[in-house]
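**Q** Generate the whole structure from the sequences, applying the supplied hints.
There are 2 protein chains.
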Amino acid sequence: MTDNVLEELSDDRRLLGRTSTAERVAGILRGRIIEGGFRPGMRLAEEEIGRALGVSRNTLREAFRLLTHERLLAHELNRGMFVRKLTVEDLEDLYRVRRLVECAALRQLAAPPYALHTMDAAVTAGLSARAEERWRDLGTANMHFHQGIVELAGSPRADDMMRGVLAELRLVFHVMENPRRFHEPYLPRNREILDALRDGDAPGAERLLAVYLDDSRRQLADGYARQLG
Amino acid sequence: MTDNVLEELSDDRRLLGRTSTAERVAGILRGRIIEGGFRPGMRLAEEEIGRALGVSRNTLREAFRLLTHERLLAHELNRGMFVRKLTVEDLEDLYRVRRLVECAALRQLAAPPYALHTMDAAVTAGLSARAEERWRDLGTANMHFHQGIVELAGSPRADDMMRGVLAELRLVFHVMENPRRFHEPYLPRNREILDALRDGDAPGAERLLAVYLDDSRRQLADGYARQLG
DNA sequence: AAGGAAAGGATTGTTGAACGATTCCGCAAC
DNA sequence: GTTGCGGAATCGTTCAACAATCCTTTCCTT
Numbered sequence: 006m007t008d009n010v011l012e013e014l015s016d017d018r019r020l021l022g023r024t025s026t027a028e029r030v031a032g033i034l035r036g037r038i039i040e041g042g043f044r045p046g047m048r049l050a051e052e053e054i055g056r057a058l059g060v061s062r063n064t065l066r067e068a069f070r071l072l073t074h075e076r077l078l079a080h081e082l083n084r085g086m087f088v089r090k091l092t093v094e095d096l097e098d099l100y101r102v103r104r105l106v107e108c109a110a111l112r113q114l115a116a117p118p119y120a121l122h123t124m125d126a127a128v129t130a131g132l133s134a135r136a137e138e139r140w141r142d143l144g145t146a147n148m149h150f151h152q153g154i155v156e157l158a159g160s161p162r163a164d165d166m167m168r169g170v171l172a173e174l175r176l177v178f179h180v181m182e183n184p185r186r187f188h189e190p191y192l193p194r195n196r197e198i199l200d201a202l203r204d205g206d207a208p209g210a211e212r213l214l215a216v217y218l219d220d221s222r223r224q225l226a227d228g229y230a231r232q233l234g
Numbered sequence: 006m007t008d009n010v011l012e013e014l015s016d017d018r019r020l021l022g023r024t025s026t027a028e029r030v031a032g033i034l035r036g037r038i039i040e041g042g043f044r045p046g047m048r049l050a051e052e053e054i055g056r057a058l059g060v061s062r063n064t065l066r067e068a069f070r071l072l073t074h075e076r077l078l079a080h081e082l083n084r085g086m087f088v089r090k091l092t093v094e095d096l097e098d099l100y101r102v103r104r105l106v107e108c109a110a111l112r113q114l115a116a117p118p119y120a121l122h123t124m125d126a127a128v129t130a131g132l133s134a135r136a137e138e139r140w141r142d143l144g145t146a147n148m149h150f151h152q153g154i155v156e157l158a159g160s161p162r163a164d165d166m167m168r169g170v171l172a173e174l175r176l177v178f179h180v181m182e183n184p185r186r187f188h189e190p191y192l193p194r195n196r197e198i199l200d201a202l203r204d205g206d207a208p209g210a211e212r213l214l215a216v217y218l219d220d221s222r223r224q225l226a227d228g229y230a231r232q233l234g
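Quick mapping for you: the protein sequence lines, in order, are chains A and B. Position in the first sequence (first residue = 1) + 5 = the numbering used here. Position in the second sequence (first residue = 1) + 5 = the numbering used here.
Be a bit skeptical, because a hint or two may be false.
Pairs involving identical chains hold if they fit within one copy or between any two copies, as the list cannot separate such chains.
As the list claims (entries may be wrong) - Cut-off 20 angstroms, straight-line C-alpha distance, at most; resulting in silico cross-link-like pairs (SDA-like, lysine to any residue):
id	residue 1	residue 2
1	Lys90	Pro161
2	Lys90	Gly234
3	Lys90	Arg101
4	Lys90	Arg162
5	Lys90	Leu233
6	Lys90	Asn183
7	Lys90	Glu182
Just so you know, these hints were derived from the structure itself, not from any lab. Nothing here was measured: the structure is a model prediction, and the numbers come from that model.
**A** Here it is as structure tokens:
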């Protein structure tokens with residue numbers, strides 16, 4: 006048996022990722038929040054949720070903490086946990102970060118060809134979601150596209166941060182009615198960006214992306230402000 | 006009573022910042038790690054530390070979670086908490102993120118003048134630290150300088166991320182002997198960048214910064230690899 | 001002597017209960 | 001209408017206990 010095989014196994018073991026109960030609970034709750042089952046502003050009582058999930062308060066609190074640091078839950082001392090409610094400023098900041106990081110990811114590209122697999126898959130998924138009018142899924146696909154952009158930087162930490170940013174953005178999308186309006190127009194624009202990258206035109210892609218993000222921010226911030234007010 | 010006054014009060018309330026025991030414990034531990042008292046790789050036993058600090062295991066675990074999320078501690082299931090030990094790849098990734106974010110922060114600048122207060126204060130602090138040969142403090146000042154660069158983007162989330170990145174970097178600095186080597190050469194370069202920004206030459210500052218980060222990464226990665234191997 | 005199974009101790013993971021502290025809510029008094 | 005005062009509900013924190021897991025040592029087999 007070669008050392009090579011053993012190394013692969015030990016890699017797999019890490020991927021196997023044994024998880025604690027708290028992490029699994031956090032995973033369940035994260036899903037509920039991201040899928041929109043738990044609406045922003047909703048309070049998550051320890052007793053109630055702990056009973057429903059069959060875990061103790063301590064374990065549940067540990068799960069809450071994980072989600073708090075992902076900014077999906079907000080903690081108010083002696084009052085409890087709430088599904089985070091983004092302000093318009095939060096939304097603006099999320100786009101500020103997106104513009105900073107996503108554009109930077111394109112700018113630092115070296116010579117083509119680029120690893121466009123994730124972005125390509127996201128566009129494909131978006132097309133079929135649109136065809137079947139699954140607008141929420143279209144939104145997810147668009148997010149994966151932009152996750153793919155950041156992946157081009159090849160930085161695990163940047164990927165992580167982007168994952169968090171996009172998760173937060175869902176808190177906004179889920180309170181908006183009419184999801185189609187906010188997702189459909191951007192599918193062809195994603196494809197434009199992808200095409201530019203395929204042609205090796207990274208600066209062009211970056212320009213497209215910058216305009217894209219500004220448009221999206223404006224539209225979303227307007228809609229969100231109206232929804233809140 | 007005007008609404009204005011009420012708003013200010015509610016702002017103050019946030020600053021009042023009541024903190025839980027766990028947060029205070031996390032603060033103490035963070036200090037120990039950042040100041041170098043707890044060396045990377047060191048194991049933090051729940052029982053032992055909890056007894057020393059006079060808090061229960063549960064509360065301590067809550068503090069551990071906070072620090073885990075800042076990537077200062079690493080958690081291994083059923084084995085415990087360890088002060089994080091960065092690999093050379095981690096170090097490279099940290100610089101990848103820095104280059105991405107810091108350069109992007111300079112690039113997105115609008116017209117001068119810029120809010121250079123933080124950077125200016127950092128250079129001043131660095132000068133006096135150098136004069137008194139407090140090399141560790143000089144390192145801290147340099148970090149504040151780069152924190153200041155990111156602040157130019159005006160994004161709380163970017164600030165947050167940068168804070169985390171720099172905290173992680175300390176894990177590297179603290180295992181390096183000869184801190185002077187890694188800090189002193191960069192003080193004048195920070196001043197150069199600051200001067201360029203004062204002159205309103207953001208693109209020039211960005212170029213300087215990019216070279217700075219590449220140099221620093223190379224030097225630090227080399228030294229770190231030697232230290233580990 | 002080398003390798004591997006078994007046992008034991010130590011530490012973590014999770015639970016349940018307890019008690020003080022804080023907040024929320026309704027009601028009475030001014 | 002506002003202020004003050006309970007009472008209920010919930011959170012913050014601690015403690016004790018047990019199961020699960022890991023680490024080390026011992027012992028057995030070859």
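**Q** Decide, hint by hint, whether the structure agrees.
**A** How the hints compare with the structure:
1. For the homomeric pair Lys90 and Pro161, the shortest alpha-carbon distance between copies (16 angstroms) is at most 20 angstroms, but the shortest distance inside one copy (27 angstroms) is not.
2. Only within a single protomer do Lys90 and Gly234 lie at most 20 angstroms apart by alpha-carbon distance; the minimum there is 14 angstroms, versus 48 angstroms between protomers.
3. Taking the shortest Cα distances, Lys90 and Arg101 sit within 20 angstroms of each other inside one copy (18 angstroms), while across copies they are farther apart (32 angstroms).
4. Taking the shortest alpha-carbon separations for Lys90 and Arg162, only the inter-copy value of 16 angstroms comes in at or below 20 angstroms, while the best intra-copy value is 25 angstroms.
5. When the C-alpha separation of Lys90 and Leu233 is checked against a cutoff of 20 angstroms, the pair qualifies only within one copy, where the shortest distance is 10 angstroms, while the shortest distance between copies is 45 angstroms.
6. In the homo-oligomer, the alpha carbons of Lys90 and Asn183 lie at most 20 angstroms apart inside one protomer (19 angstroms), although the nearest pairing across protomers, at 47 angstroms, exceeds that limit.
7. Within a single copy, Lys90 and Glu182 get their C-alpha atoms as close as 16 angstroms, which meets the 20 angstroms cut-off; across copies the closest is 46 angstroms, which misses it.
The structure is consistent with each of the numbered hints, conforming to all of them.
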